[in-house]
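*Asks:* In order, the protein sequences belong to chains A and B. For the first sequence, this note's numbering gives the first residue as 1, with consecutive numbering after it. For the second sequence, this note's numbering gives the first residue as 1, with consecutive numbering after it.
These are calculated hints, taken from the structure and not from any lab test. Where is the CB? At the ideal position from N, CA and C, for every residue including glycine. Certain hints may be false.
Here are the simulated lysine to aspartate or glutamate pairs, EDC-like style, with alpha carbons at most 20 Å apart [to be verified]:
{"hint": "1", "chain 1": "B", "residue 1": "K294", "chain 2": "B", "residue 2": "E245"}
{"hint": "2", "chain 1": "B", "residue 1": "K428", "chain 2": "A", "residue 2": "E71"}
{"hint": "3", "chain 1": "B", "residue 1": "K103", "chain 2": "B", "residue 2": "E245"}
{"hint": "4", "chain 1": "B", "residue 1": "K287", "chain 2": "B", "residue 2": "E350"}
{"hint": "5", "chain 1": "B", "residue 1": "K428", "chain 2": "A", "residue 2": "E61"}
{"hint": "6", "chain 1": "B", "residue 1": "K428", "chain 2": "A", "residue 2": "D26"}
{"hint": "7", "chain 1": "B", "residue 1": "K103", "chain 2": "B", "residue 2": "E291"}
{"hint": "8", "chain 1": "A", "residue 1": "K42", "chain 2": "A", "residue 2": "D26"}
{"hint": "9", "chain 1": "B", "residue 1": "K103", "chain 2": "B", "residue 2": "E290"}
Some chain A residues near chain B, calculated using beta-carbon distances under 8 Å [claimed, not checked]:
{"hint": "10", "residue": "V20"}
{"hint": "11", "residue": "L54"}
{"hint": "12", "residue": "T83"}
Using C-beta positions, here's what the derived DEER-type ranges look like [as the list claims (entries may be wrong)]:
{"hint": "13", "chain 1": "A", "residue 1": "V12", "chain 2": "B", "residue 2": "R247", "range": "47 to 57 Å"}
{"hint": "14", "chain 1": "A", "residue 1": "A127", "chain 2": "B", "residue 2": "K103", "range": "38 to 48 Å"}
{"hint": "15", "chain 1": "B", "residue 1": "G201", "chain 2": "A", "residue 2": "V12", "range": "23 to 33 Å"}
{"hint": "16", "chain 1": "A", "residue 1": "G124", "chain 2": "B", "residue 2": "L483", "range": "48 to 58 Å"}
{"hint": "17", "chain 1": "A", "residue 1": "E71", "chain 2": "B", "residue 2": "Q466", "range": "49 to 59 Å"}
{"hint": "18", "chain 1": "A", "residue 1": "A134", "chain 2": "B", "residue 2": "W21", "range": "15 to 25 Å"}
{"hint": "19", "chain 1": "B", "residue 1": "G425", "chain 2": "A", "residue 2": "T92", "range": "28 to 38 Å"}
{"hint": "20", "chain 1": "B", "residue 1": "R247", "chain 2": "A", "residue 2": "L57", "range": "51 to 61 Å"}
Chain residues, written in single-letter form:
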Amino acid sequence: MTLRSDHIAGGVFVAFGLLVFALSGDLPVGTLSFPGAGMMPKLVAGLVILFGLLLILRANESAPFATVRWEDLPHAARIVAITAAAIALYQTLGFLVTMTLLLFALTFGAERRHPLAAAAFSIGVVALTYLLFAVALKTPLEPGILGF
Amino acid sequence: MGTVENLLLGFSVALQPDVLWYAFLGCLVGTIVGVLPGIGPLSGISILLPATFGLDTTKSVVMLAGIYYGSQYGGSTTSILMRIPGEAASVMTCIDGYAMAQKGRAGAALCIAAVGSWIAGTFGVIMLTLIAPPLASFALRFGPPEYTALLVLGLIFLAYMSSTSLPRTLLMACFGLLLGTIGIDNMTGHFRYSFDIAELGDGIGIVPVAIGLFGLGEILSTPSATVVSKVIAPKLRQLLPNRREWRQSAMPIARGSVLGFLIGLTPGSAHIISSFLSYAIERRVSKHPEEFGKGAVAGVAGPESANNAASTGAFVPMLALGLPTGPITAVLIAALMIHGVPPGPTLVNEHPNIFWGFVASMYVGNLMLLALNLPLVGIFVNILRIPYAYLYPLVIMFCIIGVYEVSHSIVDVWIMLIMGMIGYGLRKFGFDPAPLVLGLVIAPTLEMSLRQSLIMSNGNWTIFLQRPISLTLLVVCAALLALAALSLIRSRRDWRSRLAEAETGENP
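All chains, please: the whole structure from these sequences, using the hints.
*Replies:* Here is the structure:
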């Protein structure tokens with residue numbers, strides 16, 4: 001049997017539905033006349049499992065899993081890693097420093113642009129955005145350790 | 001007050017200089033968002049949502065709505081000049097619009113698209129003016145069972161109209177519903193799936209999910225090396241179509257306007273579906289179907305009018321019923337709620353300034369867009385000269401700011417990143433993330449109305465069948481499910497499968 005993309009997708013959703021059931025242990029389902037906090041999540045988790053199984057049953061209509069193209073995964077992973085680092089630093093370093101570093105890391109690190117061009121772009125864009133939000137739109141951005 | 005007096009009240013609000021300015025700003029940003037591939041109207045609206053916090057409700061909704069319908073205008077520019085759909089609703093315009101450009105009629109195609117969009121947009125607003133208030137009055141009769149049935153119908157209709165299969169769409173909607181159950185249960189005070197994270201007590205916000213799935217998810221799926229920008233800009237004097245082209249576009253614009261508005265009333269990606277259906281209809285009714293694909297004027301006029309009318313039509317259930325028909329109207333509802341204005345049947349009577357000001361601003365906005373899009377087309381096209389390697393970092397920065405500024409919560413930004421990764425995965429496996437957002441938005445209302453219905457009937461589930469409105473809505477649900485099952489059994493190649501194929505073929 002050929003492993004198809006819907007076998008994987010359906011399997012993931014069935015597992016997710018079961019996980020929701022496992023995590024909902026302490027939520028009361030209640031009765032029909034007074035439904036509890038667990039009624040809706042368990043009902044919907046059941047539907048997720050049902051539709052996941054339907055997907056697996058009809059998986060023959062989907063493409064073989066081996067044909068799913070993952071060439072863009074390394075690029076996507078780089079973007080996720082850089083963005084995650086920026087999110088982790090955002091409240092500490094603030095908007096100005098974090099976003100300058102984020103833009104530089106993406107343009108120079110991920111896209112291999114000339115370091116000077118990347119630096120000029122990062123500083124210029126962040127400065128303009130700061131002015132736009134803080135001055136024009138009166139929405140102050142995260143100050144961080146710099147205090148502005 | 002009658003409709004005319006109400007509309008005059010609306011114009012007295014919409015023509016105030018500051019409201020005009022925000023309508024213009026929305027239209028301008030919307031056009032830019034429409035021009036840029038990879039940034040859809042949803043990302044644009046979500047990113048700019050925090051910037052509206054300092055504004056009053058009318059100005060913020062006027063600006064955000066301007067982005068939505070402005071993006072429908074802008075999307076045609078790249079489709080015609082570069083064969084790149086700026087956003088999904090412009091996919092069909094690529095075919096004949098680009099073919100017209102190849103024949104040296106790019107200016108005429110742009111003009112027909114803009115005029116068609118204006119006529120359809122204005123027609124949509126006129127219909128909105130006439131339909132929304134009586135619909136809102138009718139909706140005042142809705143109790144919890146009717147709302148439950150209406151929301152279930154919304155989900156089923158979405159699944160039926162979707163270009164992906166019924167189980168896939170319902171699976172996505174259920175995933176969204178599950179996400180919507182996170183947080184404190186309003187009826188019993190139980191914490192659900194919050195894992196001791198205080199921020200999750202309020203539930204998962206629409207903005208981080210929408211920006212993550214559509215903004216970041218799109219970027220992760222688009223390697224910069226694959227985005228090539230080859231820009232051509234038509235001259236101003238080449239913009240006017242000849243008499244024959246005007247004649248050929250008249251009926252497609254009229255048909256597209258009516259069709260688009262009607263489809264816009266239904267849940268789903270109405271602006272996308274309407275342009276595909278309009279193209280199919282124009283081809284069917286044309287005396288020269290062989291011209292389609294080779295630069296048929298009707299192939300530009302019909303779909304462009306339809307997607308604009310559909311954008312306006314989507315505001316009817318949003319304003320009159322408080323029901324989002326898609327992720328974009330869901331974010332607009334969130335914007336209204338952030339400002340303490342609940343959309344729905346009471347909006348027309350309790351906040352006439354906002355409702356009628358918003359409606360009137362759309363008349364003005366459509367005119368602004370016509371004035372913006374034709375003479376400035378050369379400038380907008382130049383935005384595409386920005387290399388994608390510089391453009392997407394900028395979008396990521398705005399995604400982070402957009403999400404963080406909503407509630408100054410870094411947890412929301414992490415949620416956005418996680419949703420971005422989920423969006424990337426969903427695209428790989430051929431899932432459409434839009435129903436997920438819709439499920440998330442309606443989850444609290446659906447759960448509350450379902451539980452209220454059961455409590456008020458003392459656990460008797462037949463309450464949904466005993467009330468005429470909910471019974472009618474459920475009968476429509478059953479009919480749609482039966483129709484979907486029938487096409488599944490027959491494996492019929494209907495317009496939805498062709499839509500899916502076209503979307504796959506056109507979107508890299």
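*Asks:* Take the hints in turn and mark each one as holding or not.
*Replies:* Hint check:
1. This hinted pair checks out: K294 of chain B and E245 of chain B have alpha carbons roughly 14 Å apart, not beyond 20 Å.
2. This hinted pair checks out: K428 of chain B and E71 of chain A have alpha carbons roughly 11 Å apart, not beyond 20 Å.
3. Between K103 of chain B and E245 of chain B, the direct Cα distance comes to roughly 13 Å. Compliance with the 20 Å bound is thereby established for this hinted pair.
4. A hinted pair counts as satisfied when its Cα atoms are at most 20 Å apart, and K287 of chain B with E350 of chain B does not qualify at roughly 51 Å.
5. For the hint linking K428 of chain B to E61 of chain A, the alpha-carbon distance of about 16 Å falls within 20 Å, and the restraint holds.
6. The hinted pair formed by K428 of chain B and D26 of chain A fails the criterion: a straight-line CA distance of about 35 Å is larger than 20 Å.
7. Our distance criterion of 20 Å between C-alpha atoms is met by K103 of chain B and E291 of chain B, whose separation comes to about 13 Å.
8. This hinted pair checks out: K42 of chain A and D26 of chain A have alpha carbons roughly 12 Å apart, not beyond 20 Å.
9. For the hint linking K103 of chain B to E290 of chain B, the alpha-carbon distance of about 16 Å falls within 20 Å, and the restraint holds.
10. A hinted interface residue such as V20 of chain A counts as satisfied when its beta carbon comes closer than 8 Å to some beta carbon of chain B; here the least separation is about 6 Å, so the hint holds.
11. For the restraint placing L54 of chain A at the interface with chain B, the shortest Cβ-Cβ distance is roughly 4 Å, inside the 8 Å limit, so the hint holds.
12. Given hint, T83 of chain A at the interface with chain B, holds; its Cβ is 6 Å from that chain's nearest Cβ, closer than 8 Å.
13. Checked against the hint of 47 to 57 Å, the pair V12 of chain A and R247 of chain B passes, with Cβ atoms roughly 54 Å apart.
14. In this structure, A127 of chain A and K103 of chain B meet the distance hint of 38 to 48 Å, their C-beta atoms being roughly 45 Å apart.
15. Between G201 of chain B and V12 of chain A the Cβ separation comes to about 27 Å, which falls inside the hinted range of 23 to 33 Å.
16. Checked against the given bound of 48 to 58 Å, the beta carbons of G124 of chain A and L483 of chain B, roughly 55 Å apart, stay inside it.
17. Range check, E71 of chain A to Q466 of chain B: about 57 Å between beta-carbon atoms, so the 49 to 59 Å window is met.
18. Between A134 of chain A and W21 of chain B the beta carbon distance is about 20 Å. The supplied range of 15 to 25 Å therefore holds.
19. As the Cβ distance of G425 of chain B to T92 of chain A is approximately 30 Å, the hint placing it in 28 to 38 Å holds.
20. Distance hint check for R247 of chain B and L57 of chain A: the Cβ-Cβ separation is about 53 Å, which falls inside the suggested range of 51 to 61 Å.
Going through the hint list in order, the structure does not satisfy hints 4, 6.
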